[in-house]
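Peer 1: Model the placement of chain B on the given structure of chain A, informed by the hints.
If you read the protein sequences in the order shown, they are chains A and B. With the working numbering as the guide, the letters of the first sequence map in order to residues 116 to 432. With the working numbering as the guide, the letters of the second sequence map in order to residues 22 to 297.
Everything labelled a hint here was simulated from the structure, so no lab data went into it. Just so you know, not all the hints are guaranteed correct.
[To be verified] Using 20 Å as the maximum straight-line C-alpha spacing, the simulated EDC-like pairs for lysine to aspartate or glutamate come out as follows:
(1) 120(A) x 128(B)
(2) 330(A) x 319(A)
(3) 184(A) x 171(A)
(4) 120(A) x 136(B)
[What the hints assert, rightly or not] Output of the computed footprint for chain A on chain B, the stretches with three or more beta carbons under 8 Å from beta carbons of chain A:
(5) 81–95
(6) 226–240
(7) 250–264
Quick reminder that beta carbons are idealized off the backbone N, C-alpha and C, glycines included.
Letter by letter, the chains look like this.
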Amino acid sequence: MFVLKRLLLTIPILFLVSIMTFSFIHMIPGDPARVILGQEATPEAYQALRQELGLDKPIAWQYVSWVGKVLHGDLGISITDRVPVVDLIAQRLPATVELTIGTFVFALLIALPTGILAAMRRNTWIDYTSSFIALGGMSIPSFWLAMMAIIYFTVENHWLPSSGYVPFFQDPKQNLLAMILPCIATGLRESAVLMRMLRSSLLEVVNMDFVRTAKAKGLNEVRTMLGHVLRNALIPVVTTSGLMVAGLLGGLVITESIFSIPGFGRLIVESVFKRDYVTVQGAILVSAILVVFVNLLVDLLYVLIDPRMKAGKGADS
Amino acid sequence: MKSLKKFLRTGLGLIGALIILALIFVALFANQIAPYDPNAQNYDQILMPPNAEHIFGTDDLGRDIFSRVVFGSQVSIKAALISVGIAMIIGVPIGLFTGYYRGFWDEWVVMRIIDAMQAFPFLILALAISAVLGSGFGNAMLAIGIGFAPSFVRITRGQVLSLRNMEYVNAAKSVGVKDMRIIFRHILPNALGPIIIQATLAMATGILAEASLSYLGLGVQPPTASWGSMLNQAQSLMSVAPYATYYPGLAIFIVVLGFNLLGDGLQQFLDPRTRK
Chain A
116 MFVLKRLLLT IPILFLVSIM TFSFIHMIPG DPARVILGQE ATPEAYQALR
166 QELGLDKPIA WQYVSWVGKV LHGDLGISIT DRVPVVDLIA QRLPATVELT
216 IGTFVFALLI ALPTGILAAM RRNTWIDYTS SFIALGGMSI PSFWLAMMAI
266 IYFTVENHWL PSSGYVPFFQ DPKQNLLAMI LPCIATGLRE SAVLMRMLRS
316 SLLEVVNMDF VRTAKAKGLN EVRTMLGHVL RNALIPVVTT SGLMVAGLLG
366 GLVITESIFS IPGFGRLIVE SVFKRDYVTV QGAILVSAIL VVFVNLLVDL
416 LYVLIDPRMK AGKGADS
Chain B
22 MKSLKKFLRT GLGLIGALII LALIFVALFA NQIAPYDPNA QNYDQILMPP
72 NAEHIFGTDD LGRDIFSRVV FGSQVSIKAA LISVGIAMII GVPIGLFTGY
122 YRGFWDEWVV MRIIDAMQAF PFLILALAIS AVLGSGFGNA MLAIGIGFAP
172 SFVRITRGQV LSLRNMEYVN AAKSVGVKDM RIIFRHILPN ALGPIIIQAT
222 LAMATGILAE ASLSYLGLGV QPPTASWGSM LNQAQSLMSV APYATYYPGL
272 AIFIVVLGFN LLGDGLQQFL DPRTRK
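The following block holds chain B by itself, in its conformation from the complex:
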């Protein structure tokens, strides 16, 4: 009974991992999986409800919705990796250095900038950045990545603060190991756990944010199939073709759930307080 419960707890994380693996598989083999060209328009088959030929139906341009959902997975996985990648490249080093050296720069410059950045609602910040830079996938990624960076600074810094006075760090210092080496070889590896959890959960939010921006028309531009922009186009057809809204949204939901489950599972696995 106990091991069953334990499995239930970590099992959810496992399901999350499987969902993500499935997403990667679909994205890699989209060409083989999709029965049609995602952008091929067929005016003889406009707004067909799901049927044997088009299992998810067709949209107002006669494009196969299933094929578009399959290809949309590529955008989502890119969104997750790129936005979180940008956030980590900016956030983790800043967190490492400010946490390690502390002092004026840490308390009065970096952390206050972080506070100020976090005062801007995330999606509004992303909207404003893409307004300035122009719409498009790359700019949306930059906007989301910048929006995520503060949380990585905070989590990395918090880890470093709890590690910097550990005995093994002091020991390394006393035998003359250089700061850089201490930070990257001794502190960073031990701080990675929470950073990885944060990255996993941020990927879930990143996919949602990309879908939101694309839904508003500021992310991925037509005709590229992305789940958010598909929902944008399907919205005006809700009363005639509700099925066109079902699958792209369901796809976002399942994939985001996958990342959340994995993140949650990792958290429970790595956090000794909840591991019981």
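Here chain A stands alone, though its shape is the one from the complex:
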């Protein structure tokens, strides 16, 4: 029941996402074709672009035909590069996916032990210090952290490269080396968010009856924590991780720019500066769809982790 409801709920969201993305081109003040081409364009080029973008047709027709194309995997032709936007995005996604995974792994490596430790030693100096450091981690601008890392690891000590991304299958070692600094720079903030979430979620579970039973049975603190508390506390953390993907995709825009990684985020920045609105439009649509599906996946995962959800105690709106 929950699964069905959740799947159905995705439809209106995708519909609205499509309307918002479609409106993007039409939000350009004045005549989009004129703005894109500039004042010097020949009338022929102007007419051609208007036709390509479908601007000469009624707006409802434009929307329907745009959605029709999108459903067939056609996001239009890049205005500046004259190649299909889908191809541009497909070229750029692998680097971003790799960064996302690396960032998550780094964030979890930091967040799991510190979160558990802070919760186990609640209201001690360990708890206060790690909570304070976590707030600090959330406050560091990732692009500044990236610069500091580059100055220390690359400029001063030549330990790690700050650019020179190559695809993983071309040169795995070089690829992983080039990924270390970007993953740390973006992952620190995410680890702070996760750690705080994990800590408060652990503290909520710690006071439940089954934990007292486990302790009464004679289990020691570590086994209670890892065997009973953590499993239940992870549920809200999984949800948070899902929600983090949206923020992460945004954050990678900056990381990719600093470390010159040819990823999805950098494509958006480049296209914004080139006024390649068709590519920007395609890219924001893809990013929103990614987020919708990751959130859907997380909610469905929820049912697997927590069988109580199946009964219909839905997480609606």
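Peer 2: For chain B alone, kept in the frame of chain A given last:
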């Protein structure tokens, strides 16, 4: 011992408040504090490392970095107030009305639009909006404000949902108080706590977002000193003048930390579950 711990908890919030007060002070008295004109170029003193005359050094145009950091505080504080202000003006009334009246509009229109808006990664949404509207501080604020609005709708609506069936609200209804008066005089004041916390935390994110957009070159335009655009210009000089990247970033970090500490402190203070 107990009161010490209690102070440690709320004390962090106090430190946050002090940081913000210091920021306001620096922004208000930037003219008196800064030793140089933030935009005065001095070609005899290009890329000077920190020294007695220029405590933070100078940039590639010979401008005093300390003075630019001081004036940058004005941009940051404006960014925090304007972006969150826009978000609240849009988000709070929508949250109040949809939460109070519920029904079709609430569930099938407003909340689904909110869902859809939140599907767009925040910074990408802000980038796209400034791509359409053009770069500049005002447009960046609008972009960030629109991006923040959904979270204010959600938090306000959530509060209203928990308050609308309270006895005192029903009592007010039964003696014939008009809806408008109930919403603004009876529900809103009781819903303010979480909204204020959200606003404080959003200001932290707003400052970060403005710095990010300015760093990418889409926010504040040169020569105005903003911490984000200073980092943008300093980035190409990282190997010759690393100190030029230290202070603007440190300033962003401290100020954002201040808002986060205050927000966190307020949360612990207002939330009975964590107040122990």
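Peer 1: Hints first: check each against the structure and report whether it holds.
Peer 2: Outcome of the hint check:
1. 120(A) x 128(B): 14 Å, holds
2. 330(A) x 319(A): This hinted pair holds, its Cα atoms lying about 16 Å apart.
3. 184(A) x 171(A): Holds - the C-alpha atoms of residue 171(A) and residue 184(A) are around 17 Å apart, at most 20 Å.
4. 120(A) x 136(B): Within the cut-off at roughly 15 Å; holds.
5. 81–95: Not satisfied, violated; 0 residues make the cut.
6. 226–240: With 7 residues in contact (Cβ-Cβ under 8 Å with chain A), the coverage given for the stretch 226–240 of chain B holds.
7. 250–264: holds (count 6)
The structure is inconsistent with hint 5 alone, although it conforms to all the rest.
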